[in-house]
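Line order of the protein sequences matches chains A, B, C and D. Read in order, the letters of the first sequence correspond to residues 1 to 135 in my numbering. Read in order, the letters of the second sequence correspond to residues 1 to 135 in my numbering. Read in order, the letters of the third sequence correspond to residues 1 to 135 in my numbering. Read in order, the letters of the fourth sequence correspond to residues 1 to 135 in my numbering.
Calculated directly from the structure, the hints in this document are not laboratory data. Being a predicted model, the structure only gives us computed values, none of them experimental. The reader is advised that the hints may include incorrect statements.
As the list claims (entries may be wrong) - Negatives, chain B to chain D, calculated, CB over 10 Å:
#, residue
1, LYS6
2, GLU14
3, GLY69
4, LYS134
What the hints assert, rightly or not - Computed footprint of chain B on chain C; a stretch qualifies when at least three of its residues, placed anywhere within it, have a C-beta under 8 Å from a C-beta of chain B:
#, segment
5, 62-69
6, 78-85
Stated by the list, open to error - Derived DMTMM-like pairs: lysine to aspartate or glutamate, alpha-carbon spacing no greater than 20 Å straight-line:
#, chain 1, residue 1, chain 2, residue 2
7, B, LYS86, C, GLU14
8, C, LYS101, D, ASP118
9, A, LYS98, B, ASP90
10, C, LYS101, D, GLU96
11, B, LYS98, A, GLU96
12, C, LYS98, D, ASP118
13, D, LYS86, A, GLU14
14, C, LYS86, C, GLU14
15, D, LYS17, D, ASP118
16, C, LYS104, C, GLU119
17, C, LYS98, D, ASP92
18, B, LYS98, B, ASP27
19, A, LYS98, B, GLU119
20, D, LYS86, D, GLU119
21, A, LYS101, B, ASP118
22, A, LYS98, B, GLU38
23, C, LYS101, D, GLU14
24, C, LYS98, D, GLU119
25, D, LYS98, C, GLU96
26, B, LYS101, A, GLU96
27, A, LYS86, D, GLU14
28, D, LYS98, C, GLU119
29, D, LYS98, C, ASP118
30, B, LYS101, A, GLU14
31, D, LYS101, C, GLU38
32, B, LYS98, A, ASP118
33, D, LYS101, C, GLU96
34, B, LYS101, A, ASP118
35, A, LYS101, B, GLU96
36, B, LYS17, C, GLU38
Cβ coordinates follow ideal geometry from the N, Cα and C atoms, glycine included.
These are the residues of each chain, in order.
There are 4 protein chains.
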Amino acid sequence: MVSKGKMIEFLQSEFPKAPFAIEDFTDNSVVVRHQVTEQDLRPGGTVSGPTMMALADTALYVALLRQIGLVSLAVTTNLNFNFLRKPVADSDLLAECKLLKLGKSLAVGEVCICSVGDEVPVAHATGTYSIPPKR
Amino acid sequence: MVSKGKMIEFLQSEFPKAPFAIEDFTDNSVVVRHQVTEQDLRPGGTVSGPTMMALADTALYVALLRQIGLVSLAVTTNLNFNFLRKPVADSDLLAECKLLKLGKSLAVGEVCICSVGDEVPVAHATGTYSIPPKR
Amino acid sequence: MVSKGKMIEFLQSEFPKAPFAIEDFTDNSVVVRHQVTEQDLRPGGTVSGPTMMALADTALYVALLRQIGLVSLAVTTNLNFNFLRKPVADSDLLAECKLLKLGKSLAVGEVCICSVGDEVPVAHATGTYSIPPKR
Amino acid sequence: MVSKGKMIEFLQSEFPKAPFAIEDFTDNSVVVRHQVTEQDLRPGGTVSGPTMMALADTALYVALLRQIGLVSLAVTTNLNFNFLRKPVADSDLLAECKLLKLGKSLAVGEVCICSVGDEVPVAHATGTYSIPPKR
Chain A
1 MVSKGKMIEF
11 LQSEFPKAPF
21 AIEDFTDNSV
31 VVRHQVTEQD
41 LRPGGTVSGP
51 TMMALADTAL
61 YVALLRQIGL
71 VSLAVTTNLN
81 FNFLRKPVAD
91 SDLLAECKLL
101 KLGKSLAVGE
111 VCICSVGDEV
121 PVAHATGTYS
131 IPPKR
Chain B
1 MVSKGKMIEF
11 LQSEFPKAPF
21 AIEDFTDNSV
31 VVRHQVTEQD
41 LRPGGTVSGP
51 TMMALADTAL
61 YVALLRQIGL
71 VSLAVTTNLN
81 FNFLRKPVAD
91 SDLLAECKLL
101 KLGKSLAVGE
111 VCICSVGDEV
121 PVAHATGTYS
131 IPPKR
Chain C
1 MVSKGKMIEF
11 LQSEFPKAPF
21 AIEDFTDNSV
31 VVRHQVTEQD
41 LRPGGTVSGP
51 TMMALADTAL
61 YVALLRQIGL
71 VSLAVTTNLN
81 FNFLRKPVAD
91 SDLLAECKLL
101 KLGKSLAVGE
111 VCICSVGDEV
121 PVAHATGTYS
131 IPPKR
Chain D
1 MVSKGKMIEF
11 LQSEFPKAPF
21 AIEDFTDNSV
31 VVRHQVTEQD
41 LRPGGTVSGP
51 TMMALADTAL
61 YVALLRQIGL
71 VSLAVTTNLN
81 FNFLRKPVAD
91 SDLLAECKLL
101 KLGKSLAVGE
111 VCICSVGDEV
121 PVAHATGTYS
131 IPPKR
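Work out the full structure: start from the sequences and follow the hints.
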């Protein structure tokens, strides 16, 4: 398994401008933080859907690479989102991802997104990554 | 909240032939058992996808009605399934459903399905029910 | 491509009790009919969700096997359903499936379900099949 | 129904910085263009998943508002994406959305995304919007 420190290095090197931070690695989940800025907001004072979708996809990617190593070839094949409540505008978002399956060619995970300081989920996602064969 | 006993009575009265049993009610989840019989099986010794889909839908329905009362008008609007592993043929299936949102007009839940005696999930679902307005 | 006649033979031989009939093969789609019987019905005079889910999965399977040949090892990995309207109880259901992608290891298709004699869809599904490597 | 001209005005006024253009309105679909820029690209020369997800959500929103009028309160409740092929980096993306259902409180649509100049879809989405009650 990839350590938290190695994952932080990898993400900074591959996606230096991405607004994501590794928040926590537990036995069976990873938590990724999205630092909400003005460009993520929507009229009415909430965080945009695409911001949450990008965060969920990133959390799945981190959870998968933690297990299979820092190869950057895995690709998302399916993502399903349920938007549950409008997140507040003035808090970062936390996405916790648990892998449900890690097969040879497919991995499936679920992601729960909350605003920092509030345990009620604002969005939930499940997703599938295709893992390229080893060469 | 509807008690476990009342829910069992309700399901037996409304769906007397359905192969489902209420297994457990916890604070934030319900567990429904599907009694696997020969007609649920597929060649190769596994339980069919439609059997698991019907079970997931039922678990969502039970979790919702437990909260809103025994009105039978709620209808499924969306179901998303990930089939993770082939369930064994000779065990019943257990579906645990947690509600992610209970709004006035929509409820969203997630369902994890396992074979009895094995904690590794064989399928995962999320679903949405539309709740009719009170009259 | 597998002919309509060969597909009918294959399904009758593999799933002799299944309530499905091949209705039509067009250039880029297949149409599968579900013969609605009493056991598919729900209180209130409509067809059950699991009946429609099984039909959608079957239509995807037929569309895929038509392209890759009559190998029976492909397995569903994801299915997403939107239930749009209640189907009437006294008509069969038709599911039209178009493949959106046919890759080496994954195939994705969409399915539109209507009641016979009515073009307004009652349900829509998308699904993914995993195709086993050739040996 | 809202005219193409009125929709263009509305989007420019509500989302002046959004990279979307109304491409076409047909009888039963709308086509929205995403103008791909450097910030949409991923290593390897392809367009990012979140770019396509934002486009699909926008196409659904346009298709819905065209029918119900330019009220900006409808919210996405569910989105399901299948990523089919990597889009090329040097073409804009076109998303065609057809509504599958337009009910009083829920609308469901499907979206097919292609690169300009290529009819093979790169992504497919279905989504649900919740429509607020009229006051």
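Evaluated hints:
1. LYS6: The claim holds: B:LYS6 sits with its nearest Cβ about 29 Å from chain D, beyond 10 Å.
2. GLU14: B:GLU14 is indeed farther than 10 Å from all Cβ atoms of chain D, at 25 Å.
3. GLY69: Per Cβ check, B:GLY69 is outside 10 Å of chain D; nearest 20 Å; holds.
4. LYS134: holds (14 Å)
5. 62-69: violated (count 0)
6. 78-85: holds (count 6)
7. B:LYS86 - C:GLU14: Distance of about 19 Å is within 20 Å: holds.
8. C:LYS101 - D:ASP118: Given pair C:LYS101, D:ASP118 holds - Cα atoms ~14 Å apart, limit 20 Å.
9. A:LYS98 - B:ASP90: With a Cα-Cα distance of about 28 Å, the restraint between A:LYS98 and B:ASP90 is violated, given a limit of 20 Å.
10. C:LYS101 - D:GLU96: Answer holds: C:LYS101 to D:GLU96 is near 17 Å, not above 20 Å.
11. B:LYS98 - A:GLU96: holds (16 Å)
12. C:LYS98 - D:ASP118: holds (18 Å)
13. D:LYS86 - A:GLU14: OK: D:LYS86 and A:GLU14 at ~19 Å, within 20 Å.
14. C:LYS86 - C:GLU14: violated (31 Å)
15. D:LYS17 - D:ASP118: Distance of about 27 Å is beyond 20 Å: violated.
16. C:LYS104 - C:GLU119: violated (34 Å)
17. C:LYS98 - D:ASP92: Distance ~25 Å between C:LYS98 and D:ASP92 Cα, so the pair is violated.
18. B:LYS98 - B:ASP27: holds (10 Å)
19. A:LYS98 - B:GLU119: Holds, at roughly 15 Å.
20. D:LYS86 - D:GLU119: holds (14 Å)
21. A:LYS101 - B:ASP118: Satisfied, since the Cα-Cα distance of roughly 14 Å is no more than 20 Å.
22. A:LYS98 - B:GLU38: With Cα atoms ~33 Å apart, A:LYS98 and B:GLU38 exceed 20 Å; violated.
23. C:LYS101 - D:GLU14: The given pair, whose Cα atoms are some 36 Å apart, is violated under the 20 Å limit.
24. C:LYS98 - D:GLU119: holds (15 Å)
25. D:LYS98 - C:GLU96: Cα-Cα ~16 Å, so holds.
26. B:LYS101 - A:GLU96: Judged against 20 Å, a Cα distance of about 17 Å means the pair holds.
27. A:LYS86 - D:GLU14: holds (19 Å)
28. D:LYS98 - C:GLU119: Given pair D:LYS98, C:GLU119 holds - Cα atoms ~15 Å apart, limit 20 Å.
29. D:LYS98 - C:ASP118: holds (18 Å)
30. B:LYS101 - A:GLU14: violated (36 Å)
31. D:LYS101 - C:GLU38: violated (27 Å)
32. B:LYS98 - A:ASP118: holds (18 Å)
33. D:LYS101 - C:GLU96: holds (17 Å)
34. B:LYS101 - A:ASP118: Distance of about 14 Å is within 20 Å: holds.
35. A:LYS101 - B:GLU96: Satisfied, since the Cα-Cα distance of roughly 17 Å is no more than 20 Å.
36. B:LYS17 - C:GLU38: holds (13 Å)
In the structure shown, a violation is registered for the earlier hints numbered 5, 9, 14, 15, 16, 17, 22, 23, 30 and 31, in ascending order.
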